[in-house]
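*Asks:* Here the protein sequences come in this chain order: V and H.
Just so we're aligned, residue 49 is where the first sequence starts under this note's numbering, counting upward by one.
Just so we're aligned, residue 49 is where the second sequence starts under this note's numbering, counting upward by one.
No lab work stands behind these hints: they were computed from the structure.
From a predicted model like this one, the values you see are computed outputs, not experimental measurements.
The beta carbon of each residue, even a glycine, is placed where N, CA and C say it ideally should be.
Please note that a few of the clues may not be correct.
[Stated by the list, open to error] Below, a sample of chain V positions facing chain H; criterion: calculated Cβ distance under 8 Å: (1) Thr83; (2) Thr220; (3) His222; (4) Ala358.
Protein chains: 2
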Amino acid sequence: MAEKTFNITLLGAGTVGGGVATLLTRDRKLLRDRTGIDFRLLHVADLDAQRVRDLGLGNLPHTTDAIAAIDDPKTDLVVELIGGTGIAAKFVEHSLSCGKPVVTANKALLASRGPELFNLARKNNTCVAFEASCAGGIPVINAIIHGLVANRIEALIGIVNGTCNFILTQMTRHGLSYSQALAEAQKAGYAEADPTLDVSGRDAAQKLSLLASLAFNTRVAESDIQVQGINSLEEADLKFAGDLGYVIKLLAIAQREPKDRISLRVHPTLVHKDDLLAQVSGSFNAVSIYGHALGHALFYGRGAGRMPTASAVVSDIVQVGMGLTAAAFKQFNLLPAAAGAVKKLPAAELQSRYYLRLTAQDAPGVLAQVTKILGSHKISLSAVLQRESNHSQFVPVVITTHQAREGDLQKALDKINRLKSLRPPAVCLRIIDQPKEFAGGV
Amino acid sequence: MAEKTFNITLLGAGTVGGGVATLLTRDRKLLRDRTGIDFRLLHVADLDAQRVRDLGLGNLPHTTDAIAAIDDPKTDLVVELIGGTGIAAKFVEHSLSCGKPVVTANKALLASRGPELFNLARKNNTCVAFEASCAGGIPVINAIIHGLVANRIEALIGIVNGTCNFILTQMTRHGLSYSQALAEAQKAGYAEADPTLDVSGRDAAQKLSLLASLAFNTRVAESDIQVQGINSLEEADLKFAGDLGYVIKLLAIAQREPKDRISLRVHPTLVHKDDLLAQVSGSFNAVSIYGHALGHALFYGRGAGRMPTASAVVSDIVQVGMGLTAAAFKQFNLLPAAAGAVKKLPAAELQSRYYLRLTAQDAPGVLAQVTKILGSHKISLSAVLQRESNHSQFVPVVITTHQAREGDLQKALDKINRLKSLRPPAVCLRIIDQPKEFAGGV
Numbered sequence: 049m050a051e052k053t054f055n056i057t058l059l060g061a062g063t064v065g066g067g068v069a070t071l072l073t074r075d076r077k078l079l080r081d082r083t084g085i086d087f088r089l090l091h092v093a094d095l096d097a098q099r100v101r102d103l104g105l106g107n108l109p110h111t112t113d114a115i116a117a118i119d120d121p122k123t124d125l126v127v128e129l130i131g132g133t134g135i136a137a138k139f140v141e142h143s144l145s146c147g148k149p150v151v152t153a154n155k156a157l158l159a160s161r162g163p164e165l166f167n168l169a170r171k172n173n174t175c176v177a178f179e180a181s182c183a184g185g186i187p188v189i190n191a192i193i194h195g196l197v198a199n200r201i202e203a204l205i206g207i208v209n210g211t212c213n214f215i216l217t218q219m220t221r222h223g224l225s226y227s228q229a230l231a232e233a234q235k236a237g238y239a240e241a242d243p244t245l246d247v248s249g250r251d252a253a254q255k256l257s258l259l260a261s262l263a264f265n266t267r268v269a270e271s272d273i274q275v276q277g278i279n280s281l282e283e284a285d286l287k288f289a290g291d292l293g294y295v296i297k298l299l300a301i302a303q304r305e306p307k308d309r310i311s312l313r314v315h316p317t318l319v320h321k322d323d324l325l326a327q328v329s330g331s332f333n334a335v336s337i338y339g340h341a342l343g344h345a346l347f348y349g350r351g352a353g354r355m356p357t358a359s360a361v362v363s364d365i366v367q368v369g370m371g372l373t374a375a376a377f378k379q380f381n382l383l384p385a386a387a388g389a390v391k392k393l394p395a396a397e398l399q400s401r402y403y404l405r406l407t408a409q410d411a412p413g414v415l416a417q418v419t420k421i422l423g424s425h426k427i428s429l430s431a432v433l434q435r436e437s438n439h440s441q442f443v444p445v446v447i448t449t450h451q452a453r454e455g456d457l458q459k460a461l462d463k464i465n466r467l468k469s470l471r472p473p474a475v476c477l478r479i480i481d482q483p484k485e486f487a488g489g490v
Numbered sequence: 049m050a051e052k053t054f055n056i057t058l059l060g061a062g063t064v065g066g067g068v069a070t071l072l073t074r075d076r077k078l079l080r081d082r083t084g085i086d087f088r089l090l091h092v093a094d095l096d097a098q099r100v101r102d103l104g105l106g107n108l109p110h111t112t113d114a115i116a117a118i119d120d121p122k123t124d125l126v127v128e129l130i131g132g133t134g135i136a137a138k139f140v141e142h143s144l145s146c147g148k149p150v151v152t153a154n155k156a157l158l159a160s161r162g163p164e165l166f167n168l169a170r171k172n173n174t175c176v177a178f179e180a181s182c183a184g185g186i187p188v189i190n191a192i193i194h195g196l197v198a199n200r201i202e203a204l205i206g207i208v209n210g211t212c213n214f215i216l217t218q219m220t221r222h223g224l225s226y227s228q229a230l231a232e233a234q235k236a237g238y239a240e241a242d243p244t245l246d247v248s249g250r251d252a253a254q255k256l257s258l259l260a261s262l263a264f265n266t267r268v269a270e271s272d273i274q275v276q277g278i279n280s281l282e283e284a285d286l287k288f289a290g291d292l293g294y295v296i297k298l299l300a301i302a303q304r305e306p307k308d309r310i311s312l313r314v315h316p317t318l319v320h321k322d323d324l325l326a327q328v329s330g331s332f333n334a335v336s337i338y339g340h341a342l343g344h345a346l347f348y349g350r351g352a353g354r355m356p357t358a359s360a361v362v363s364d365i366v367q368v369g370m371g372l373t374a375a376a377f378k379q380f381n382l383l384p385a386a387a388g389a390v391k392k393l394p395a396a397e398l399q400s401r402y403y404l405r406l407t408a409q410d411a412p413g414v415l416a417q418v419t420k421i422l423g424s425h426k427i428s429l430s431a432v433l434q435r436e437s438n439h440s441q442f443v444p445v446v447i448t449t450h451q452a453r454e455g456d457l458q459k460a461l462d463k464i465n466r467l468k469s470l471r472p473p474a475v476c477l478r479i480i481d482q483p484k485e486f487a488g489g490v
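Bound-form chain V, shown alone (with noise of 0.2 Å):
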């Protein structure tokens, strides 16, 4: 087959980029005879020459002149993997205004300017992928464009934070708290120095803003999710869910709703110990999607780190050069700019199952005071968790709820803490049912 010389511009030479220019160097020759392109590293731009040295990948065409190497005639692609909204968002800007395609691993880009980045996309003939932005190495994106795409999806529920799997796992298995696992996090590398973008579910938010947006055809921002964090679980909660049958995980969960109304949210969720979504350990990944003929499917993999990451940055950089992206983009007219925004089911209309725990006086009455104020609200209990009482003033009592709107559940709250017998504030959790298959009848 006559090859052909496909030249790369990489910016930023760290963690993941550090990945992606150890597989084009390594493997350039398993990506040329698999596809008859030779994927050459044209520039690698990063400000700090020794980071680059540090690859040890030999004599890389290190510059530190970004714009210079995007500006290159011979860069076919620009892989930008900065992150951030900074200094990233202007070269990615450069690079489509010059036509030129852009791989991208930026979540947090792409959650806040992705419609309008792809519309310049649109405008200048060329495309942008980013596969690498959502759940790391697995590739969900390609799932959700094409291989789902006969399906109408009814909901996308995933564990898309590896920092946050990671210490929910430690807490649960070796029964630390939260500030032991996160310090566990830290040691291991899973976790910043300042981890406040994933704790508290913001960075699951961003990844939920555009796998909603490709999965329900419209445009989600970060700001239509309604967002908890898990910075603020204790380690009973993770207990008493064990003993119910129970895991918590940090879930992000787009469903569709009646009337055309999708709920958008990131939270601490507890998830039943046989769905697979409670088997995905440590820093894992996973996305499960009900699609209207697919029914279940469950996405697995790690979300984070150098090489997954990598791993499909590469893809994305060979259906580049293999021209199929280029294709696939203007035909599909991802996050489209005429798109409304999504019509979001409002928070106190959510249908859910919930978790409460209680702490009680340990004296007759207190749990009737408590059934009597759900109950005025239309919330059934489903099981009642109080263990006897180890001579302690207070004891807790944990309750699950059948499905209850979740504005009823707020006003009940605000009644339950009010109540003279209980120490406020009472824990409310929520716990998911695996939406059912084929909900839309086929």
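Using the hints provided, position chain H relative to the given structure of chain V.
*Replies:* For chain H alone, kept in the frame of chain V given last:
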């Protein structure tokens, strides 16, 4: 966007064909909105007109003349859902010879004549799409070809036959015998009246030949695969496996071995209950893949059934219509005719752990004899399970081993089966440990 019409000739209106006709008819607008292409059913060829009417999709363009439908100059794509290697092969050859792309779910045809048909497609400047041929609705072929293109795949381990998995799940959960569980599967529509193709492991081997050919860029014939079905499994072994912390699954395994060889096998396997594959129940399928960059990934979903399989077929139709398949098929040079046959690992050289169930006389010294034979063949024990005898003359003794060479194990078994104190033959099953991630050492 200017709209283009893409005309489809569908061959076969059976289970999957009916599902495809349903999606193309009922979701025509969804597909048009997503792609800008009007996917139109031009001909539905089936010898049985009643079957087409029974789809309840209105006035479908039915014909009994498949060749004329293929030859219709308006036909842009032929979708072959007849199955088997008879008339279906003839229609596929005819379509490709005319330069018309083919979408098919026909694993038997591709396993036996894939390289030849793919070559015919290339010669006529057209393509074959076959996502639905393995693991039903799960987009795993797309994942191997596109999502994992940057990976040297180290291992592929799949549950790819829903019938067998349904039967094994019934046996495990409800303690049914093989024949009781088979009857349940037939009643539920998960097994054919003649279930041989499924329960013998042949169907799984056909799928593995395709998946392994793609994953390892080689040519794997069905006859290269060592196959053992589930039809001789006894409920006792599922129970003992459970007691030891394992579940028995029919696994299709392709794994890179030293000296560039591949081990290829389909057999009932003990899977640790914490392994995700152990959680794949009922008629679901899953494929675990280990890539040198990505590490472990798993793809899960419905491996059969009308609408899930149709979901994969329609995804292929869309990608052919968009011109993506033709470009990828040509550049990736899938199943190249020039590829040499796979260098398979000789069966005797397999390294595995084993589960043995012996039926032993309840007399002293039997276990000593057995362990002596195993030891003399360099096989060491990892666990022994022998319950107190219930006054019966023979008792089951279950042994699990550490890694051993299959050739050694078989020689030891020959000797064990000749021991006077045992009732032959001993039951022997393989145990799988999860492959190490990043074995390639990136």
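*Asks:* Hint by hint, note whether the structure agrees.
*Replies:* Hint check results:
Contact between V/Thr83 and chain H, as hinted, is supported at the beta carbon level, the nearest pair being about 6 Å apart and thus within 8 Å. A least Cβ separation of about 13 Å between V/Thr220 and chain H goes past the 8 Å threshold, and the interface hint is therefore violated. A hinted interface residue such as V/His222 counts as satisfied when its beta carbon comes closer than 8 Å to some beta carbon of chain H; here the least separation is about 16 Å, so the hint is violated. Evaluation of the V/Ala358 hint against chain H yields a held restraint, the C-beta minimum of about 6 Å falling below 8 Å.
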